[in-house]
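J.: As given, the protein sequences belong to chains S and C, one line each in that order.
Residues in the first sequence are numbered consecutively from 7, following my numbering.
Residues in the second sequence are numbered consecutively from 7, following my numbering.
Keep in mind that a hint or two might mislead.
Each pair may be met inside one copy or between any two copies, as identical chains are not told apart.
In silico lysine to any residue, SDA-like type, Cα no more than 25 Å apart, as pairs [to be verified]:
1) K261 - Q153
2) K81 - L268
3) K194 - N441
4) K314 - T32
5) K11 - Y266
6) K261 - Q54
7) K288 - F277
8) K186 - E226
9) K399 - S201
10) K81 - M326
11) K189 - S228
12) K186 - V200
13) K81 - I322
14) K186 - R224
Keep in mind that the hints were calculated from the coordinates and are not lab data.
Residues per chain, in single letters:
2 protein chains.
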Amino acid sequence: MLVKKLKETFEQYDGQSITLQGWVRTNRNSKAVGFIALNDGTTFSNVQIVYADSLENFEEVSKITTGSAMEVTGKLVCTPDAKQPFEIQAESISVLGLCDHDYPLQKKRHSFEFMREIPHVRPRANTYYAMFRLRSVLSMAIHTFFQDRGFVYVHTPEITGNDAEGAGECFTVTTREDAKYDKDFFGKHAQLTVSGQLHVEPFALTYRNVYTFGPTFRAENSNTTRHASEFWMIEPELAFADLADNMDCIEEMIKYCINYCLEHAKEEMEFFASMIDKECIKRVTHVANSNFERMTYTKAIEYLEKAKDQFENQDIFWGMDLQSEHERYICEKVVSGPVFLTDYPKDIKAFYMRVNDDNKTVAACDLLVPYVGELVGGSQREERYDVLVNRMKEIGMEQETLQWYLDLRRFGGCKHSGFGLGFDRMLMYLSGVANIRDVQPYPRTPRNLIF
Amino acid sequence: MLVKKLKETFEQYDGQSITLQGWVRTNRNSKAVGFIALNDGTTFSNVQIVYADSLENFEEVSKITTGSAMEVTGKLVCTPDAKQPFEIQAESISVLGLCDHDYPLQKKRHSFEFMREIPHVRPRANTYYAMFRLRSVLSMAIHTFFQDRGFVYVHTPEITGNDAEGAGECFTVTTREDAKYDKDFFGKHAQLTVSGQLHVEPFALTYRNVYTFGPTFRAENSNTTRHASEFWMIEPELAFADLADNMDCIEEMIKYCINYCLEHAKEEMEFFASMIDKECIKRVTHVANSNFERMTYTKAIEYLEKAKDQFENQDIFWGMDLQSEHERYICEKVVSGPVFLTDYPKDIKAFYMRVNDDNKTVAACDLLVPYVGELVGGSQREERYDVLVNRMKEIGMEQETLQWYLDLRRFGGCKHSGFGLGFDRMLMYLSGVANIRDVQPYPRTPRNLIF
Chain S
7 MLVKKLKETF EQYDGQSITL QGWVRTNRNS KAVGFIALND GTTFSNVQIV
57 YADSLENFEE VSKITTGSAM EVTGKLVCTP DAKQPFEIQA ESISVLGLCD
107 HDYPLQKKRH SFEFMREIPH VRPRANTYYA MFRLRSVLSM AIHTFFQDRG
157 FVYVHTPEIT GNDAEGAGEC FTVTTREDAK YDKDFFGKHA QLTVSGQLHV
207 EPFALTYRNV YTFGPTFRAE NSNTTRHASE FWMIEPELAF ADLADNMDCI
257 EEMIKYCINY CLEHAKEEME FFASMIDKEC IKRVTHVANS NFERMTYTKA
307 IEYLEKAKDQ FENQDIFWGM DLQSEHERYI CEKVVSGPVF LTDYPKDIKA
357 FYMRVNDDNK TVAACDLLVP YVGELVGGSQ REERYDVLVN RMKEIGMEQE
407 TLQWYLDLRR FGGCKHSGFG LGFDRMLMYL SGVANIRDVQ PYPRTPRNLI
457 F
Chain C
7 MLVKKLKETF EQYDGQSITL QGWVRTNRNS KAVGFIALND GTTFSNVQIV
57 YADSLENFEE VSKITTGSAM EVTGKLVCTP DAKQPFEIQA ESISVLGLCD
107 HDYPLQKKRH SFEFMREIPH VRPRANTYYA MFRLRSVLSM AIHTFFQDRG
157 FVYVHTPEIT GNDAEGAGEC FTVTTREDAK YDKDFFGKHA QLTVSGQLHV
207 EPFALTYRNV YTFGPTFRAE NSNTTRHASE FWMIEPELAF ADLADNMDCI
257 EEMIKYCINY CLEHAKEEME FFASMIDKEC IKRVTHVANS NFERMTYTKA
307 IEYLEKAKDQ FENQDIFWGM DLQSEHERYI CEKVVSGPVF LTDYPKDIKA
357 FYMRVNDDNK TVAACDLLVP YVGELVGGSQ REERYDVLVN RMKEIGMEQE
407 TLQWYLDLRR FGGCKHSGFG LGFDRMLMYL SGVANIRDVQ PYPRTPRNLI
457 F
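One chain only, chain S, in its complex shape (with noise of 0.2 Å):
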């Protein structure tokens, strides 16, 4: 039986023989009596497994290491004056895996870096095995969204020819050791996509509403806790959505997210707030029963102006990038919540999105929250063919590549908006995690790439 279909219905076999396998998290003992917690993975917490000396093989139970995997067939016992619901009493315990004596989870306390090193055993460490549930569920969280709301899931692709976006950062992929693309695999250059968004639209202007959510990657040589070589994005595309219609979809997005995973990761956040950040739970609840605000990037230029003594990087001017503590700044202290700027100038956003009217910002949208900054950034597109080759032109982008894309403008194109979501950014800013090197199961980063 599963640990959790129990938890659900233990009443119903109070006095009853069950069977359960799972492995020991603690085995303590006296002569006569021991007290393993097993934990069978199905839910966060243990359950409490009892065995006497009446047991055949007392001897080799009272011995079983941390970690061991073993079944467990014994008698339910509701205790509604204990911490745990019920207990197990044992009648019979097969050990089916003992754990080696190097095995590297013991009982102190490991650093995070040590973890790091070993991510084929550190799942079962709490704070993992807490994460890894949680990002299960996330993801769920997304698609049930989408999916409810009619919107079509597209699998772009992995690799892409288009060398045009960044082609700096990216990833070759080939199966030649001279570089000699022509005569590669794909008969040219190859690489790995960053972001999904130019090959979706395309579906977003036959389905209306669609969604990507996969895997993308960054060649950048930056050693943060926020960026990693590879991490999973949701970008949706919404045509006949203009920047407005876009931000109400991320803000049903985010707040439909967070109570889901408030819901149905309950005992992973709570854990979260009780070992890695108390205010986690106070954070994103808040956050879901707010207002997004929204505010141009000009007036958020104001807000920075006349508080820039409080900041590292004092030089504020219109034009410039915020950094993560002017946005930190602007919905801590400024909105105290959610907020998203909006009409960004066009020179530090990307190629493809809509120029307003005044002709020096663009239809773009971040998502700025509390603790974290920037977690989606989203846009309106550029529709107009004639624009949009021009803005290509002004920043000197070739138009060949491309003109796949820019068809899109001549064969029933329409307004149309969307944005990228961070997944790991997101389970970071659910649980409190600091660093993305921790809520991956295989993180892969500058110099690092284990198994």
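We have chain S; now place chain C onto it with these hints.
T.: Just chain C now, kept in the frame of chain S:
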């Protein structure tokens, strides 16, 4: 308003004015009246728009080309006696984006080969329009099936340093042009994953029941209708589960997915049955209602030997790898339905499969289904450290890079099983679409990398 919503509730709008956006599928008209078939992307079938010369811009509207984007406001009128349940009598129509005359989707029927050259436009053609929604629906079927049963979704890595498995058929991931991998981004040779199985096993030994669902890659230089260089795989892994448990899970999953798609992609499946493969709904319904039989490989060889005259490859012997014609004979002629072949010779199966007591076969299972042959491959995993080490030696595998995988057997290992489902193959199976290039948004195959 979204047409999907409208189709569920149109009766309450009878006689009322509503607004729709969408793309023109056809526009035919006489001097006084015209009809537009409008599709907004949210359902397979179109909405009929009727417009008359009382329309201010009747001239303009009568010239709207196929593929154009438009908005219509008009009166919804229920038409219980007509083919479509309602129509919209236009009060105003605005053209949002005209489609140029070089739009590649003209009325005539185009070949699949032609369509593959224009992946940015082909989603609007009926076959692809049905397929990519089915793709989204089947994705959600997979997630719903596993999450409802408490399985944890694991994002196994795309970039891996495990050169051990089938290195010859892998793509290298690099930022260099000189193959000096020790100076490369990760400080060593990196490649794209061919399977998430090894990486997901540690999670099964933590969460009990887990699954992956993500892209995998093969640099195989084979041009068949069933192989792509990039494809999505589902790889569930179940702890405390033997081969029989594994087959139970596979059977339940396949049936669930079929029923989910028949329910949630009804119009799309009906399209496939009418235009691509008359038998497809009958075939998958039959499978969903069948008991999946189980037969040993050894027994299958007996059947094949008796029928060898019927095959192109008539060299039937115990130890051979079955060809597609043999697999189809077993399920189509011998069983007349889905069948698991089990206990294959160990020499034709992977190193991690559990060796049976006869020391000649392994606890593997392949699910064969009529029409396509193999749909799922799975096995019980070798959980005995010494047996696994010996097996690796026997076939000349290096132990060192997989020591972490071996260690799982020393750190509370237990019996466990898992399988792999090729997501794209499942789509081909459901729809009857015969080429994998027509079920993927942007197929990647040798010398073929469009956009």
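J.: Would you mind marking each hint as holding or not holding in the structure?
T.: Comparing the hints with the structure gives:
no., hint, result
1, K261 - Q153, "both (16 Å within a copy, 21 Å between copies)"
2, K81 - L268, "neither (33 Å within a copy, 44 Å between copies)"
3, K194 - N441, "between (37 Å within a copy, 23 Å between copies)"
4, K314 - T32, "neither (53 Å within a copy, 59 Å between copies)"
5, K11 - Y266, "both (20 Å within a copy, 24 Å between copies)"
6, K261 - Q54, "neither (36 Å within a copy, 37 Å between copies)"
7, K288 - F277, "within (13 Å within a copy, 50 Å between copies)"
8, K186 - E226, "both (23 Å within a copy, 18 Å between copies)"
9, K399 - S201, "within (22 Å within a copy, 42 Å between copies)"
10, K81 - M326, "neither (67 Å within a copy, 50 Å between copies)"
11, K189 - S228, "between (32 Å within a copy, 16 Å between copies)"
12, K186 - V200, "both (23 Å within a copy, 24 Å between copies)"
13, K81 - I322, "neither (69 Å within a copy, 54 Å between copies)"
14, K186 - R224, "both (23 Å within a copy, 20 Å between copies)"
This entry does not satisfy hints 2, 4, 6, 10 and 13, going by the numbered hints stated previously.
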